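Trainee: Each chain is listed here by its residues.
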Amino acid sequence: MAEPVFVLLSFLVLYGALITVLHRDMVVCALHLAGSMLALAGLFFILGAHFIAGVQVVVYAGAVMVLFVMVVMLFDLKRKNYILFSGGLWPKLASLFFLTGLIAGVFPLSLHLFHPQSAQALKTTSTKELSSLLFTEYVLAFEVLGILLLLIAVGVAVLCRPKREGPADVMNTKKKE
Amino acid sequence: MDVGLNHFLLVSLLLFIIGLFGVMTRRNLLVILMSVELMLNAVNLSFVTFSQFYSLLSAQVAAFFVMTISAAEAGVGLALIVLISRQWTGTDLSSLEDSPK
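If you read the sequences in order, they're chains F and S. The first sequence stops at residue 176 when you use numbering that gives the first Met the number 0, and every number in between is there. The second sequence stops at residue 100 when you use numbering that gives the first Met the number 0, and every number in between is there.
Note that these hints are calculated values from the structure, not bench results. Remember, it's a predicted structure, so these values are computed and weren't measured experimentally.
Examples of chain S residues toward chain F, derived with CB under 8 Å:
hint, residue
1, Leu12
2, Ile16
3, Val47
4, Ser50
5, Gly74
6, Ile80
Which stretches of chain S does chain F cover? Using the computed rule of at least three CB atoms under 8 Å from a CB of chain F, they are:
hint, segment
7, 26-34
8, 59-70
Using N, Cα and C, we set each Cβ at its ideal position, and we do this for glycine too.
Here chain F stands alone, though its shape is the one from the complex (with noise of 0.2 Å):
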């Protein structure tokens, strides 16, 4: 496998991820989590998995993306001295304090207890082997995951929903604005 192609993409994926947390703007933490979901196809790409760096694509980079995007419009974004994080020094220090710890002590471990073959390892997963094991061991799953979507999409339009009357009327307060 190409290394300059990795180190390249993974770059890519944790940049993303650390501008989508620390900026102060939102549509730049949202454009930036795009790219690094972008770039995160692209290392499942190169790990062989082909079908999922495209569902990646699809569904992350594009849907769930379109949805923030969509969302984050629809607020005051001139609104730009809201306080960054929460919290004093403490919860931040601990929380670093947790993270280099997750690391020292993760990554060690995981070097003692996989020993994969790495030479013989990395074949490409056929999108027809994965499909037929999707519709046949998994199919209760998948349909389940069916009717999920289908109650989610129920759930927010009850959600979001116009009330008629009463003092609670979110629709109305917000023409009277």
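Dock chain S against chain F, hints included.
Mentor: Just chain S, lined up with the frame of chain F:
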């Protein structure tokens, strides 16, 4: 140097940690949801890595399911954020301390 399993796992771990940092420290609800998506992506990367290096095809099915569920979660989460921003002012967590308008 050959790129092996552990390099992909390291990228996955770092991505998860960045997402966790965002969830724990940011105050904006939208960015918190984006950080949750980052964490789900990191888990997907480790799923696919193990699937390819150990030729376990079921792990890719699991990654596919995680993607579906995270898309659903983003839909519900964004709808809730829109509702919250209508009831309170803005999408900051600090605005939730006030009473709804």
